[in-house]
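S.K.: For the sequence shown, full-length UniProt numbering assigns the number 1 to the initial residue and increments by one for each residue that follows.
I should point out that these hints are in silico values taken from the structure, not numbers from a laboratory.
All C-beta atoms, glycine included, are put in the ideal place defined by N, C-alpha and C.
Hints are supplied without guarantee of correctness; some may be wrong.
[To be verified] Have a look at the derived ranges for each label pair, beta carbon to beta carbon: (1) G225 <-> T21: 42 to 50 Å; (2) E194 <-> E164: 22 to 30 Å; (3) D190 <-> R433: 41 to 49 Å; (4) G78 <-> D242: 34 to 42 Å; (5) A30 <-> E338: 31 to 39 Å; (6) V290 <-> Q92: 25 to 33 Å.
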Amino acid sequence: MSLEQRESPAGLAGQTHRALTATELAAVRADFPLLTRTVRDGKPLIYLDSAATSQKPECVIDAEQDFYLRRNAAVHRGAHALAEEATEAYEQARAAVATLVGADTDEIVWTKNATEGINLLAYAFSNASLGRGQAAAERYRLGPGDEIVVTEAEHHANLVPWQELCARTGATLRWLGVTDEGRIDLDTLDVITERTRVVAFTHVSNVTGAISPVRDIVAAARAYGALVVLDACQSVPHLPVDLHGLGVDFAVFSGHKMLGPTGIGALYGRRELLEALPPFGTGGSMVEVVTMTETTFAAPPQRFEAGTQMVAQTVGLHAAADYLSELGMDAVAAHEAELTAHLLSGIAQVDGVQVLGPTDPVERVGVVAFTVEGVHPHDVGQLLDDAGVAVRVGHHCAQPLHRRLGAPSSARASVGVHTTTGDLDTFCDALGRVRDFFVGR
Numbered sequence: 001m002s003l004e005q006r007e008s009p010a011g012l013a014g015q016t017h018r019a020l021t022a023t024e025l026a027a028v029r030a031d032f033p034l035l036t037r038t039v040r041d042g043k044p045l046i047y048l049d050s051a052a053t054s055q056k057p058e059c060v061i062d063a064e065q066d067f068y069l070r071r072n073a074a075v076h077r078g079a080h081a082l083a084e085e086a087t088e089a090y091e092q093a094r095a096a097v098a099t100l101v102g103a104d105t106d107e108i109v110w111t112k113n114a115t116e117g118i119n120l121l122a123y124a125f126s127n128a129s130l131g132r133g134q135a136a137a138e139r140y141r142l143g144p145g146d147e148i149v150v151t152e153a154e155h156h157a158n159l160v161p162w163q164e165l166c167a168r169t170g171a172t173l174r175w176l177g178v179t180d181e182g183r184i185d186l187d188t189l190d191v192i193t194e195r196t197r198v199v200a201f202t203h204v205s206n207v208t209g210a211i212s213p214v215r216d217i218v219a220a221a222r223a224y225g226a227l228v229v230l231d232a233c234q235s236v237p238h239l240p241v242d243l244h245g246l247g248v249d250f251a252v253f254s255g256h257k258m259l260g261p262t263g264i265g266a267l268y269g270r271r272e273l274l275e276a277l278p279p280f281g282t283g284g285s286m287v288e289v290v291t292m293t294e295t296t297f298a299a300p301p302q303r304f305e306a307g308t309q310m311v312a313q314t315v316g317l318h319a320a321a322d323y324l325s326e327l328g329m330d331a332v333a334a335h336e337a338e339l340t341a342h343l344l345s346g347i348a349q350v351d352g353v354q355v356l357g358p359t360d361p362v363e364r365v366g367v368v369a370f371t372v373e374g375v376h377p378h379d380v381g382q383l384l385d386d387a388g389v390a391v392r393v394g395h396h397c398a399q400p401l402h403r404r405l406g407a408p409s410s411a412r413a414s415v416g417v418h419t420t421t422g423d424l425d426t427f428c429d430a431l432g433r434v435r436d437f438f439v440g441r
């Protein structure tokens with residue numbers, strides 16, 4: 001079936017503010033071919049690892065294949081028909097993703113993932129600190145006495161690049177604390193001062209699932225003129241997100257966590273900020289005029305997209321953005337809120353299990369990390385896998401947060417739009433056998 005012939009997923013276009021019905025959820029699940037497979041001696045696959053990477057609906061897979069079959073060409077450089085069609089597809093994807101997250105089209109820069117987006121920013125700030133860029137880039141110059149503020153809730157991708165930027169510029173890294181239940185502690189907002197130049201924090205923790213108090217943190221940063229960077233990896237796939245409405249300056253998110261392909265992500269930046277930001281990577285496709293001695297650079301977003309672009313991946317991400325838009329992010333959020341409450345309630349019935357993070361379903365999403373008394377998380381994951389249940393184990397690239405919460409590592413169950421309460425019941429049944437198997441009661 002061609003993309004043009006395909007109906008909207010589950011026939012849900014325009015329906016919002018309610019969870020999916022059983023019929024609609026069955027239709028959604030039918031869109032994910034991988035969910036039909038079995039594992040471990042024929043057990044149905046229960047996929048609860050969407051926070052690591054999401055499964056892909058068939059429309060995303062078809063979109064990438066369709067691009068390679070019919071429109072494959074380099075973009076922004078050819079004059080032939082295929083090049084024009086590929087360029088149109090590339091820019092249409094940018095527009096679709098911008099609409100999904102409440103941004104303008106020219107405020108979306110393609111990156112290969114969110115990690116690259118944050119590194120792009122950190123290196124661009126570093127370049128500005130070395131005097132690169134026009135006069136407007138002065139706003140990004142950092143040095144001794146300046147401070148960058150993060151939080152204890154960050155995963156490494158939104159921590160290590162800022163540590164490295166401090167090492168290169170002499171700036172100091174500081175951080176907001178988290179409470180014992182893993183929420184950002186607003187009593188530590190006084191870490192943000194007149195010395196703060198950048199405040200970078202996660203929208204939703206990939207460990208606790210807690211939603212950050214964005215407006216409070218943005219207000220604190222604004223009081224001192226600091227730039228705000230939002231890591232939206234765990235929010236864009238699960239919640240309605242309006243970046244303009246949130247008032248942040250920059251944001252990053254990954255395609256593969258929001259039903260899209262791997263190898264594609266996005267950096268959002270307010271237009272005037274992107275125009276003032278010096279480039280990160282340099283080479284072809286991001287230039288204006290090049291002589292043997294100097295170069296002037298293209299306007300954003302092309303300024304930040306050096307080299308041959310990830311065109312097929314953007315086309316796949318376009319399909320994912322359309323899929324989520326047609327479902328309605330309010331409906332996605334409502335469905336996953338029900339799942340989160342069901343998951344937390346089920347885990348609470350299992351003896352010896354400690355959730356890392358808030359145990360009430362308010363202001364959180366369905367990312368639930370936990371420990372089992374007396375059992376290593378890898379053993380927990382192995383027993384669950386034997387039951388056909390896929391979860392993540394380890395420190396989830398968030399060692400400081402695990403250390404703060406008193407656990408070196410954990411297991412993590414995370415839901416997606418295709419998850420059912422039956423999936424969660426199977427997970428909880430298997431979780432209930434873990435301690436019997438490994439330590440007895």
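S.K.: All the hints need checking, so say for each whether the structure fits it.
M.R.: Results for each hint:
A beta carbon spacing of about 48 Å between G225 and T21 agrees with the range 42 to 50 Å that was offered as a hint. Taking 22 to 30 Å as the suggested C-beta distance range, the pair E194 and E164 conforms, at roughly 24 Å. Taking the beta carbon of each, D190 and R433 are about 47 Å apart, inside 41 to 49 Å as hinted. The beta-carbon spacing between G78 and D242, approximately 36 Å, falls within the hinted interval of 34 to 42 Å.
Separated by about 20 Å at the C-beta atoms, A30 and E338 break the suggested range of 31 to 39 Å. The hinted range of 25 to 33 Å is satisfied by V290 and Q92, whose Cβ atoms lie roughly 29 Å apart.
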